[in-house]
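Chains as they are written, first to last, in numbering that gives the first Met the number 0: chain A, 0 to 244; chain B, 0 to 297.
These are computed hints drawn from the structure, not numbers from a lab.
Fair warning: there could be bad hints in the mix.
Stated by the list, open to error - Straight line, CA to CA, 30 Å or less: simulated DSBU-like cross-link-like pairs of lysine-lysine:
#1 B:K9 with A:K52
#2 A:K108 with B:K253
#3 B:K71 with B:K82
Claimed, not checked - Examples of chain A residues lying across from chain B (beta carbon under 8 Å, computed):
#4 H35
#5 K52
#6 G53
#7 S91
#8 P94
#9 S132
#10 G147
#11 H151
#12 A205
Said to hold, decoys possible - Listed next, with one range per pair, are the computed distances between beta-carbon atoms:
#13 B:G192 with A:K196: 51 to 61 Å
#14 B:N275 with A:Q222: 18 to 28 Å
#15 A:R70 with B:E96: 47 to 57 Å
#16 B:G215 with A:E178: 36 to 46 Å
#17 A:D239 with B:G215: 45 to 55 Å
No residue lacks a Cβ here, since even glycine has one placed at the ideal position from N, Cα and C.
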Amino acid sequence: MNISNVATAPSREASFARRVFDLGENSLRELNQALHDLAPGSNETAWEVLNPKGSHSVAVGVDQPVSIDVRGSVGYYCGGMNAGGAITVHGSAGPGVGENMMSGRIVVKGDASQYAGATGRGGLLVIEGNASSRCGISMKGIDIVVRGNIGHMSAFMAQSGNLVVLGDAGDALGDSIYEAGLFVRGKVKSLGADCIKKEMRPEHIALLQDLLDRAGIRDARPQEFTRYGSARTLYNFNIDNADAY
Amino acid sequence: MCGIVGLFLKDKSLEPRLGALLSEMLVSLTDRGPDSAGIAIYDSGAAGHGKITIQSSTPKADFEGLEADLGKKIGAKVSSIVKSTHAVLDVPADKLEEARAAIAELRPNVRLMGVGEAIEIYKEVGLPADVVKRFDLARMGGSHGIGHTRMATESAVTTLGAHPFSTGPDQCLVHNGSLSNHNNLRRELIRDGMRFETENDTEVAAAYLSSKIAHGQNLGEALQSSLEDLDGFFTFVVGTKNGFGVVRDPIACKPAVMAETDQYVAFGSEYRALANLPGIEEARVWEPEPSTVYFWEH
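For reference, chain A alone in the conformation it holds in the complex:
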């Protein structure tokens, strides 16, 4: 395997040096295999990926607490299934960034395409630009913070976790939502079925303040947000609707 390393001397210090993968020279498979080969407690905790040029599946399946800086824009599924990694995309991300994330942290400095954080089980996904449609669809415990706007059908069937949006939300926010918490500072174009505006109680202010702190956002106050969540009217089948099926 041809892995370029900024430090070449095989000293102990070298193992602490940042490992650099240039996707112009190394294959994506080599990168992901090297990340998967990391043993627990490895000293190789800092990684840098150059020239991603929209590649799919960059740093998918990371399962060690390493930090990975991706210099450029990525395609589909970046950081998918992440368990403990801290991944920063210094560019924009294609569809499905952080899909099914388990834990750890993903930061996208630019925009994210559709279904960011879909089905995520845990961890924190921060999108500093805008997110597109279906952000947080079927989320199951992940926390997502979007500095810009989100598109239509976001948090569709969201089960748990929190979606925080500093900008506006598109049509049908939180359609058929279960127990995820939605916090929007801007306007909501429309709410989906069974999603309603809810009261901000002190525990929600505290929760939101913690999320904003962890996302590194200092210019927004929790009091500026509106909370949305499930009206819980779709939880059980209503026999009066039987004719509709």
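Start from chain A and add chain B according to the hints.
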């Protein structure tokens, strides 16, 4: 899936490189659709000249002597450039319709790819890299162009089923998605006088737009109408003699990324297709909104 690319140049100095840029964009999306590939390139020739792009599965027999036969039939000078299975015929612009009818009579096995003053269309089954090489597309210049690589869902993998589809002079359309009301719409358009070559859903969308334009709408208005009348999934990129447009259906699950600089407007199904364009680092890159018509004109 399918992959779409489009490039509309604002900076004339890039025009000689249009074919090369568009070819590289298209090849980068090969794994979105390996069945067939095609490109429409707009390059306005001398005033008064028109172009007819034709395709034949027996090019040697069909193209030999066609210049002379057609010239005699329409009473005008005809020249042609043959590239593999395709030929581009140069005829006087005011004789385009006459020439089109004459070709159908003279060479009944020839298929019409496109007609107009600027458009040339090349499409075949096979990988984008092979199609691009076969027609030497990287050496072509022009003002704007559209490419498509196909993963077939709604109709057979044939040359005629490949994109772009052209159903009106200098008009073409490529499509990622699938339409669900194309059979009904085809019947209505046939009643309206449109001609169809295939059972393909995308051809119906192209004919729909051509029909709207023939009834007086501009490209932007025609695209707006399509949002009302077409049912299904679509990201469309369309070309006209001077223009380039993009529209996505309200669900917008078919991916799309755009980039704009002082030199060009570019479209790709994915960012990968745009990653090597000149000045992409400084470009404004965005995802086109659902149900929103975008178009640019020279």
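Structure-based check of each hint:
Pair hint B:K9 plus A:K52 holds up; C-alpha atoms about 24 Å apart against a cutoff of 30 Å. Note on A:K108 and B:K253: the hinted pairing holds, with a Cα-Cα distance of about 24 Å set against a maximum of 30 Å. Straight-line distance between C-alpha atoms of B:K71 and B:K82 comes to about 23 Å, which keeps the hinted pair within the 30 Å bound. The criterion of a C-beta within 8 Å of any C-beta in chain B is not met by A:H35, whose closest approach is roughly 22 Å, and the hint is violated.
Hint status for A:K52: holds, given a least beta-carbon distance of 4 Å to chain B, under 8 Å. Look at A:G53: its Cβ gets to within about 3 Å of chain B, closer than 8 Å, so that hint holds up. Hint status for A:S91: holds, given a least beta-carbon distance of 7 Å to chain B, under 8 Å. With 8 Å as the threshold, the beta carbon of A:P94 comes within range of chain B, its nearest partner Cβ sitting at about 6 Å, so the hint holds.
Residue-level restraint check for A:S132 holds (minimum Cβ-Cβ distance to chain B is 6 Å; threshold 8 Å). Contact between A:G147 and chain B, as hinted, is not supported at the beta carbon level, the nearest pair being about 11 Å apart and thus beyond 8 Å. Because the smallest distance between the Cβ of A:H151 and any Cβ of chain B comes to about 7 Å, under 8 Å, the interface hint for this residue holds. With 8 Å as the threshold, the beta carbon of A:A205 stays out of range of chain B, its nearest partner Cβ sitting at about 34 Å, so the hint is violated.
In this structure, B:G192 and A:K196 meet the distance hint of 51 to 61 Å, their C-beta atoms being roughly 53 Å apart. Between B:N275 and A:Q222 the Cβ separation comes to about 47 Å, which falls outside the hinted range of 18 to 28 Å. A hinted range of 47 to 57 Å holds for the C-beta pair A:R70 and B:E96, which are about 55 Å apart. The supplied range of 36 to 46 Å is broken by B:G215 and A:E178, whose beta-carbon atoms lie about 54 Å from each other.
Checked against the hint of 45 to 55 Å, the C-beta distance between A:D239 and B:G215 comes to roughly 50 Å, which is consistent with it.
Checked against the numbered hints above, the structure violates hints 4, 10, 12, 14, 16; every other hint is satisfied.
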